[in-house]
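A.B. asks: Terminal number for the sequence shown in numbering that gives the first Met the number 0: 101, no gaps in between.
For the record, the hints were derived by calculation from the structure and aren't laboratory data.
Honestly, I wouldn't trust all of these hints.
Stated by the list, open to error - Below, in silico cross-link-like pairs of lysine-lysine (DSSO-like), each with a Cα-Cα straight-line distance of 27 Å or less:
hint, residue 1, residue 2
1, Lys-84, Lys-56
2, Lys-83, Lys-68
3, Lys-70, Lys-84
4, Lys-56, Lys-83
5, Lys-68, Lys-84
6, Lys-68, Lys-42
7, Lys-68, Lys-21
8, Lys-70, Lys-56
9, Lys-21, Lys-56
10, Lys-21, Lys-70
11, Lys-78, Lys-21
12, Lys-68, Lys-56
13, Lys-21, Lys-84
14, Lys-42, Lys-83
What the hints assert, rightly or not - Across the chosen pairs, the derived CB separations fall in these ranges:
hint, residue 1, residue 2, range
15, Ala-4, Ala-91, 32 to 40 Å
16, Ala-24, Asn-64, 33 to 41 Å
17, Ala-91, Gly-67, 35 to 43 Å
18, Arg-75, Arg-8, 31 to 39 Å
19, Asn-5, Asn-64, 20 to 28 Å
20, Phe-72, Val-3, 14 to 22 Å
21, Ala-4, Glu-54, 17 to 25 Å
22, Ile-18, Gln-79, 26 to 34 Å
23, Gln-74, Ile-18, 27 to 35 Å
Keep in mind that this is a model prediction, so the values were computed, not measured.
Heads up, the beta-carbon is just placed ideally off N, CA and C, and yes, glycines get one too.
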Amino acid sequence: MSSVANQERLMQVIIGPHISEKSTAAAEASNHVVFRVRRDATKPEIRAAVEQLFEVKVDDVSVVNVRGKTKRFGQRRGKQSSWKKAYVRLAAGQDLDFIGSE
0 MSSVANQERL MQVIIGPHIS EKSTAAAEAS NHVVFRVRRD ATKPEIRAAV
50 EQLFEVKVDD VSVVNVRGKT KRFGQRRGKQ SSWKKAYVRL AAGQDLDFIG
100 SE
């Protein structure tokens with residue numbers, strides 16, 4: 000894979016931050032940041048994308064495949080899409096703030 004194609008791929012790996020009560024607790028307790036990522040993303044790709052986009056040092060990456068839930072819309076049944084989230088542990092002294100505290 001060429002360098003330009005690899006750079007474009009890294010820009011597409013991270014979909015966005017996943018903000019929930021659990022992810023906020025993980026961020027406060029152990030310096031983790033949680034991202035929603037593409038389903039075909041690998042741990043090395045996620046690590047490289049976070050380090051490149053946010054200019055931080057990553058210690059560890061853990062991924063979780065989240066199954067889509069079955070939902071009802073009136074009398075019809077539907078299914079939400081499955082997705083993947085990544086728990087990224089930043090190195091000591093590194094910080095990543097999405098909300099922008101004042």
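A.B. asks: Indicate, hint by hint, whether the structure satisfies it.
C.D. replies: Each hint tested on the structure:
{"no.": "1", "hint": "Lys-84 x Lys-56", "result": "holds (19 Å)"}
{"no.": "2", "hint": "Lys-83 x Lys-68", "result": "holds (14 Å)"}
{"no.": "3", "hint": "Lys-70 x Lys-84", "result": "holds (21 Å)"}
{"no.": "4", "hint": "Lys-56 x Lys-83", "result": "holds (22 Å)"}
{"no.": "5", "hint": "Lys-68 x Lys-84", "result": "holds (15 Å)"}
{"no.": "6", "hint": "Lys-68 x Lys-42", "result": "holds (25 Å)"}
{"no.": "7", "hint": "Lys-68 x Lys-21", "result": "holds (19 Å)"}
{"no.": "8", "hint": "Lys-70 x Lys-56", "result": "violated (39 Å)"}
{"no.": "9", "hint": "Lys-21 x Lys-56", "result": "holds (23 Å)"}
{"no.": "10", "hint": "Lys-21 x Lys-70", "result": "holds (23 Å)"}
{"no.": "11", "hint": "Lys-78 x Lys-21", "result": "holds (24 Å)"}
{"no.": "12", "hint": "Lys-68 x Lys-56", "result": "violated (34 Å)"}
{"no.": "13", "hint": "Lys-21 x Lys-84", "result": "holds (13 Å)"}
{"no.": "14", "hint": "Lys-42 x Lys-83", "result": "holds (11 Å)"}
{"no.": "15", "hint": "Ala-4 x Ala-91: 32 to 40 Å", "result": "holds (34 Å)"}
{"no.": "16", "hint": "Ala-24 x Asn-64: 33 to 41 Å", "result": "violated (21 Å)"}
{"no.": "17", "hint": "Ala-91 x Gly-67: 35 to 43 Å", "result": "holds (36 Å)"}
{"no.": "18", "hint": "Arg-75 x Arg-8: 31 to 39 Å", "result": "holds (37 Å)"}
{"no.": "19", "hint": "Asn-5 x Asn-64: 20 to 28 Å", "result": "holds (24 Å)"}
{"no.": "20", "hint": "Phe-72 x Val-3: 14 to 22 Å", "result": "violated (43 Å)"}
{"no.": "21", "hint": "Ala-4 x Glu-54: 17 to 25 Å", "result": "holds (22 Å)"}
{"no.": "22", "hint": "Ile-18 x Gln-79: 26 to 34 Å", "result": "violated (18 Å)"}
{"no.": "23", "hint": "Gln-74 x Ile-18: 27 to 35 Å", "result": "holds (33 Å)"}
Of the numbered hints stated above, those contradicted by the structure are hints 8, 12, 16, 20, 22, listed in ascending order.
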